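Student: Line by line, the protein sequences are chains A and B. Going by the working numbering, the first sequence opens with residue 47, and the numbers climb by one from there. Going by the working numbering, the second sequence opens with residue 8, and the numbers climb by one from there.
For the record, the hints were derived by calculation from the structure and aren't laboratory data. Nothing here was measured: the structure is a model prediction, and the numbers come from that model. All C-beta atoms in this analysis are idealised placements derived from N, C-alpha and C, irrespective of residue type, glycine included. Any given hint could be a false lead.
Below, a sample of chain B positions facing chain A; criterion: calculated Cβ distance under 10 angstroms [as the list claims (entries may be wrong)]:
#1 Asn377
#2 Lys379
#3 Ile470
#4 Phe525
#5 Lys531
#6 Pro568
#7 Glu625
Using 25 angstroms as the maximum straight-line C-alpha spacing, the simulated SDA-like pairs for lysine to any residue come out as follows [stated by the list, open to error]:
#8 B:Lys196 x B:Glu48
#9 B:Lys273 x A:Ile225
#10 A:Lys204 x A:Asn241
#11 A:Lys684 x B:Val458
#12 B:Lys271 x A:Pro213
#13 B:Lys375 x B:Gln289
#14 A:Lys691 x A:Ser305
#15 A:Lys684 x B:Asn479
#16 B:Lys487 x B:Ser551
#17 B:Lys273 x B:Asp495
#18 B:Lys323 x A:Ile225
#19 A:Lys339 x A:Asn284
#20 A:Lys598 x B:Ala121
#21 A:Lys189 x B:Trp294
Covered stretches of chain A, going by a simulated chain B footprint (3 or more residues, C-beta under 8 angstroms) [claimed, not checked]:
#22 174 to 180
#23 549 to 563
#24 673 to 687
#25 766 to 779
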Amino acid sequence: MKKNLLFIFFSVVIFSNVHAQLKEADYRKQADEVRNYVWGWKIKAFDERNVPMEYTKYSKVILAKHEEITGLTKSKIKWIGFGVAAQRDLTYTHTTRELIKINDAAALEEYSQIDYQKFAQQHNDKLTTFLGVRVIKPDGTVKEINPDEIVLTDNTGKDKKAKLAVPDLEIGDMIDYFIQTVEFYDGGSLLDIENFVFADEDPVFHFSVHIEASDKLAIEYRSMNGAPDFKVSHDADNNTVMDAEQNKIAPFPVSLWMSPFRQIPILRFHMVMGYKGVFAGRINARKPGEIYKDLSPDEIVQDYDILLKPQITFTRQAASQVAGEISKYGKVYLDNNGGGSLKNNSPAVYYAARHYFLMRPDLTNVTVVDSRRNNISPDFPFFLCMLEGLFSYFGINSQIVLLPSKYGPRANEVMSKADYGLALLTDDGHIYTAETFYDSPDLIPYYLEGQQGVTLDYSMKMTGAKSEQGTYTAKNSSAIQNVQNEDLVISFDPAEPQKIIVDRKTTLSGLMKEDAQKKLLLYEDWYDEERKMMGIKNSFTDELHDSRKGKKIVDEYTNAFAEARKQWKDNFKQEITDQFDVIPDEVMESKVDQCGIFDLKPDFIYNSKFTVNAWIKKAGNNFILEAGKMIGPQLSLKPEQRDRKVDVYMPHARTLRYNLQIPVPAGYTAEGLDKLNTSIDNAQGSFVTTAKLDGALIKITITKTYKTSFVKVADWPALLSMLDAGTAFGDAKILLKKS
Amino acid sequence: MKKSFKKLPLFFFPVYLLPVISFCQTESNNISVYQKTEVYEFVKGNTDNPVMVKEKVSTTYKCNGFRTSIPFVEFYDDRSSIDEVKIFVDGNKAKNIIPSYNYYSVDDIFYSDARICYFQLPLEKKNSVSEVDIEKTILDPRYFNNVFFDEFYNLENKQVIIKVPNWMQLEIKEYNFSSSGISKTIQQKDNATVYIYSIQNLAARKQYTNAPGPTYLYPHILFIYQSAQPDGLPSVTYFKNLQQQYNWYRSLVIDIGNDPAIFKDKVNEIIKDKKTDVEKIQAVYNWVQANIRYIAFEDGIAGFKPEKAQEVFSRKYGDCKGMANLTKEMLKAAGYDARLCWLGTNHIVYDYSTPSLAVDNHMICALKLNGKFIYLDATEKYIGYGEYAQRIQGRQVLIEDGNQYILDRVPVKDNMQNIQTQKEELKIENGALAGKVELNYKGESKENMLVQFYSITKQNRDIALQQFLSGNNNNYKIQKLSTSGLDDWNRDLYVQYDLQFVNAVTEFSDEKYIDMDFDKDFSKFIIDTSRSQDYWMYYKYNISNETELELPDGYQAAELPAPLVIKNNNYSFNLQYSLSGNKLIYKKQLQVFKPIITVQQFSNWNADIAKLNNFYNEQITLKKQ
């Protein structure tokens with residue numbers, strides 16, 4: 047222990063001189079020392095040279111992997127502008143070493159080149175990386191890489207990037223390499239969480255982690271999903287020493303619909319600057335030298351609370367300054383949509399705030415109006431805090447909700463503020479998030495659904511914002527709420543069977559909307575719909591047209607709109623291709639009927655008309671209609687995905703509904719419709735199809751329902767049977783027989 | 008390493024989220040190059056670099072539709088420098104725009120000396136202009152070979168001025184000038200010849216996939232330097248003719264410092280069990296292909312000078328020059344007459360009739376056996392001995408021959424080199440097509456398969472191969488899969504398996520309907536007719552399939568689809584059904600003779616693909632007797 051921290055101490059001596067840039071001679075000397083140090087690790091697994099025959103079937107075998115993290119602090123007195131203050135510099139060193147048997151060309155390619163940031167400096171903070179590589183030939187010969195093989199790509203005083211093409215590495219060799227990063231933080235820093243994953247697609251013989259931290263640092267950690275636990279001890283100087291290891295880790299292929307943080311063994315670790323001064327309580331500081339195993343989520347909530355309080359204090363004040371404008375927009379919205387007062391109507395306040403902060407055009411500049419506009423997220427903590435302030439101003443109490451993602455750690459396992467998503471819950475029964483520009487009330491992102499969260503109810507006191515905690519569990523939306531409905535009229539002329547005309551109306555509700563909105567909405571369209579719903583009679587182009595300067599802006603916007611619409615037509619074509627897995631020959635019409643950005647007009651509705659050369663086969667004088675392909679490809683599981691051993695984390699429950707109408711050409715009769723009536727219905731999902739002839743019209747309905755987003759592995763066969771029914775329908779055919 | 012090296016923000020700050028438009032040029036005319044002047048002047052240098060090129064470029068961009076900002080990029084490298092950058096926005100010097108100077112990372116190149124000067128250039132409103140003035144110095148004209156006249160934006164006016172002092176002898180060759188609205192004047196001024204090219208209204212450069220290289224497409228000039236005698240400095244001889252270019256190349260390779268002793272034992276080990284010359288040469292060539300990783304370096308003179316053979320041998324990686332040099336030296340160590348060759352791949356329009364460093368971009372090895380040259384390109388990892396990639400077929404090769412050179416061409420292979428065949432013997436069992444399938448790949452079709460196969464991790468290869476063969480169709484069930492030739496690309500690649508294609512037969516009443524073609528090759532090969540550049544296929548395809556279907560007892564085939572026969576000088580499609588006893592036989596042959604579809608041929612090609620699809624859309628009907 048002592049040895050490591052002493053080693054790091056000498057590193058700090060070299061690299062903590064805040065005025066010095068990297069001197070190559072110093073770097074080389076230090077790199078030699080680092081190599082001697084790492085190669086000298088007494089870890090038996092790195093001496094392993096035999097790989098059992100059964101492992102030759104894998105691309106690579108990780109014979110040994112070891113990660114070492116050391117944290118060292120050094121106190122100093124620093125001038126901070128208006129006086130001196132005691133500070134601690136932090137040196138955080140992370141070394142990863144692996145011994146890998148290369149079994150194929152893919153692994154050779156993976157390890158044949160190493161790119162890294164050799165040195166970087168931001169202000170007085172520095173990062174330095176050291177690399178060591180050894181190639182071990184099958185006869186046991188060890189060849190260490192000469193540092194001169196490394197080339198610098200960027201080589202400025204504060205930015206050095208390097209590359210190494212590993213020489214003499216061949217299939218059948220072993221590579222024993224390490225990368226050590228030394229991060230020096232002048233006055234300390236917040237550090238990222240480390241996730242040690244005890245799983246890999248290839249077999250791992252040995253994986254160990256070693257931590258050493260000075261007694262001025264606090265440690266947080268949690269072992270999840272069967273990962274090994276740390277053994278904790280202290281050295282004579284009371285520095286913290288932690289070790290974890292596991293041997294013979296079987297390959298763990300990642301499959302469809304998984305939640306890695308809830309299903310893969312991970313040891314999460316976080317080093318924190320300790321503090322026990324007079325402000326410790328105020329900033330919820332972690333105590334120096336303390337080890338927080340399985341830290342209570344309450345601490346993270348408190349961390350978030352401390353972060354949000356000044357924000358809330360600011361936005362409460364800021365809200366009062368914009369409340370007049372919000373009130374104006376809100377009232378007009380209400381007048382146009384059934385009346386009422388803002389006090390009882392958080393959606394009206396939300397829409398007014400959304401319009402004011404996010405939707406209304408910039409009248410002094412020309413902003414992004416093409417589809418990239420749809421991918422911009424609002425600055426969500428600020429926007430939600432501002433919304434909280436506005437709700438408060440208009441007498442609607444609301445609470446910030448911290449919700450973990452279902453693809454992140456469980457609610458009782460969160461370790462970081464980043465593990466939480468943010469929402470705003472109002473007393474009038476609505477919940478708001480700020481994922482996109484066109485969010486509607488009560489539509490929360492799929493990854494927050496069903497999660498158990500914490501509420502923070504803020505009130506303003508003389509000293510600033512105060513909060514009260516509560517709990518909240520986000521609802522799971524149902525398959526009925528998240529629907530993709532496709533009305534398809536598919537027609538063709540027997541004289542021209544290669545030209546199939548598809549008249550399509552798509553209606554998307556709930557969580558089925560977002561992806562399509564991002565692809566197909568245009569600012570020009572949603573600005574207009576939003577403006578009209580908000581009761582704003584004149585468009586900004588009408589308003590600006592009267593002034594000379596305004597006319598110029600309008601002219602530029604008009605040009606930008608035209609340009610954006612050109613791109614948008616390509617987006618529509620691509621969406622058709624993605625949905626049906628055929629490239630349309632011609633898209634004759636495409637139009638968005640409703641943007642789906644208000645709860646009063648919740649669905650995203652669009653139309654398109656296009657031609658394809660697909661789905662119809664000629665058989666003599668008859669035609670075979672590939673009805674099963676007319677709804678696009680259905681999920682078809684790969685053989686290795688069918689034998690599932692872990693629970694299923696799907697995004698959300700959903701319904702996919704297709705209503706096909708196919709006119710039977712004159713002189714033809716339809717056969718085989720009876721085979722298209724199928725039904726699989728169980729607790730996890732259903733796949734139901736009906737087909738009938740209505741006069742000269744074939745009518746087929748297909749409804750595929752994923753009833754829930756989470757399926758226990760024991761119930762996987764039920765879901766599988768539904769999926770298989772969908773896949774099988776892909777082969778459904780109808781015969782149009784010449785009379 | 009992966010840590011984001013920055014402190015996390017402690018507070019959130021309100022941000023008004025309305026970014027200004029900033030993206031590269033699309034097909035629009037929102038931004039145009041309103042005026043551009045490029046002046047290239049050959050000037051007296053110093054003892055190390057007797058002749059330099061001073062480049063002054065002034066570009067004025069105009070906003071035609073709506074305000075935006077555009078990326079401005081200027082390249083330089085170890086042999087050139089950017090001396091000054093001036094930026095003006097709407098007539099005012101833009102002091103707040105600071106260019107960044109960075110390493111330029113190019114895909115597939117491990118390291119190069121290419122650098123970029125980069126910044127975002129705002130165009131503040133419609134009809135506004137922004138101007139960038141750049142001054143560069145190129146240290147040696149040898150590395151300054153061509154000047155393109157087009158831009159990435161529509162060009163309104165441009166002048167390219169070349170000032171050649173009388174002490175400098177060069178030739179200027181013009182390419183792709185037809186219908187480009189380019190005029191030229193030549194003046195004598197201040198003891199120099201001044202070439203002035205004026206260009207008006209030239210459309211923006213467009214980039215398509217599978218397109219010819221830019222030297223085929225865009226108007227440009229190529230400099231062929233002969234000699235220079237700058238006052239007070241030694242005279243310089245460039246490439247008056249190919250011999251002089253060869254002499255320069257030869258000077259780079261003659262003293263590489265190869266030491267065959269380092270790999271002599273390895274060569275002996277590789278060839279020890281081989282009996283014939285061809286077997287020995289193949290063995291050495293294949294060893295280099297299999298064991299030397301291609302890693303590209305383009306770094307100053309090292310971009311032209313091969314690495315020592317023993318260095319490539321011991322490192323197990325090299326670029327094309329290093330791999331060619333090692334191949335040559337190993338073959339020499341085995342007792343063969345092996346030579347280095349320079350060539351330009353089909354990416355370049357030039358040939359050695361215009362001696363210049365722009366002419367070639369590749370090196371390979373030539374092996375003289377029985378008086379004939381065989382070309383060995385070890386960068387083509389999975390191509391067999393005697394097989395040639397499309398990119399080098401027919402290209403001139405400059406072969407070393409002592410102080411002289413030999414100019415030859417890589418043989419042009421017809422599409423038989425790349426034939427891929429499929430033979431199926433099937434019958435109908437419980438609504439499924441069942442039977443045996445055999446696939447055979449040669450040449451570039453084999454190389455294509457092997458490149459993909461070996462990029463997949465070992466444990467996933469079988470699954471990936473099955474997915475490829477089945478087209479990800481779970482109904483296409485493969486059993487008893489066997490392969491040969493995966494490890495020896497001098498042989499054909501064979502794949503055999505038993506097939507159970509469930510639901511492949513559709514039954515209505517007493518009739519069975521069968522789709523006899525599962526692969527439908529080329530069915531999606533429609534070319535966008537708005538494309539303005541020829542389409543270059545990867546290689547000359549030659550696909551030959553034959554399927555025999557045993558008719559079930561009591562059934563006979565109804566009227567068979569009419570055959571599809573299309574044949575022209577560039578390609579042929581021949582698909583037909585026939586009956587032989589109780590067997591239905593389907594034969595398909597798709598051949599490409601010339602792997603280039605010109606713009607003029609797009610409509611015919613698409614029409615023929617439509618006919619092909621119509622044929623594919625015809626099903627076979629089996630009727631109960």
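Student: Was the hint right that Pro568 (chain B) lines chain A, CB cutoff 10 angstroms?
Tutor: 8 angstroms, holds
Student: Verify the proposed pairing of Lys339 (chain A) with Asn284 (chain A), using a straight-line Cα cut of 25 angstroms.
Tutor: 18 angstroms, holds
Student: Would the pair Lys273 (chain B) and Asp495 (chain B) pass a check requiring their Cα atoms to be no farther apart than 25 angstroms?
Tutor: Cα-Cα ~19 angstroms, so holds.
Student: Hold the hint about Glu625 (chain B) up to the distance rule: shortest CB distance to chain A must be less than 10 angstroms.
Tutor: 5 angstroms, holds
Student: Answer holds if the nearest beta-carbon of chain A is closer than 10 angstroms to that of Asn377 (chain B); otherwise answer violated.
Tutor: Since the shortest Cβ distance to chain A is 33 angstroms, the answer is violated.
Student: Given the hint that Lys487 (chain B) pairs with Ser551 (chain B), does the C-alpha gap stay at or below 25 angstroms?
Tutor: Satisfied, since the Cα-Cα distance of roughly 23 angstroms is no more than 25 angstroms.
Student: Holds or violated: is there a CB of chain A closer than 10 angstroms to the CB of Lys379 (chain B)?
Tutor: Violated, about 33 angstroms.
Student: Check whether the Cα positions of Lys691 (chain A) and Ser305 (chain A) lie no farther apart than 25 angstroms.
Tutor: Holds - the C-alpha atoms of Ser305 (chain A) and Lys691 (chain A) are around 13 angstroms apart, at most 25 angstroms.
Student: Taken at face value, is the distance from the CA of Val458 (chain B) to the CA of Lys684 (chain A) at most 25 angstroms?
Tutor: 23 angstroms, holds
Student: Keeping to a limit of 25 angstroms between CA atoms, is the pair of Lys204 (chain A) and Asn241 (chain A) held or broken?
Tutor: 28 angstroms, violated
Student: CA of Lys598 (chain A) to CA of Ala121 (chain B), is that 25 angstroms or under?
Tutor: 42 angstroms, violated
Student: For the pair supplied as a hint, Lys323 (chain B) and Ile225 (chain A), confirm whether the alpha-carbon distance does not exceed 25 angstroms.
Tutor: Distance of about 22 angstroms is within 25 angstroms: holds.
Hints 1, 2, 4, 9, 10, 20, 22, 23 from the list above are not met by this structure, while the remaining hints are.
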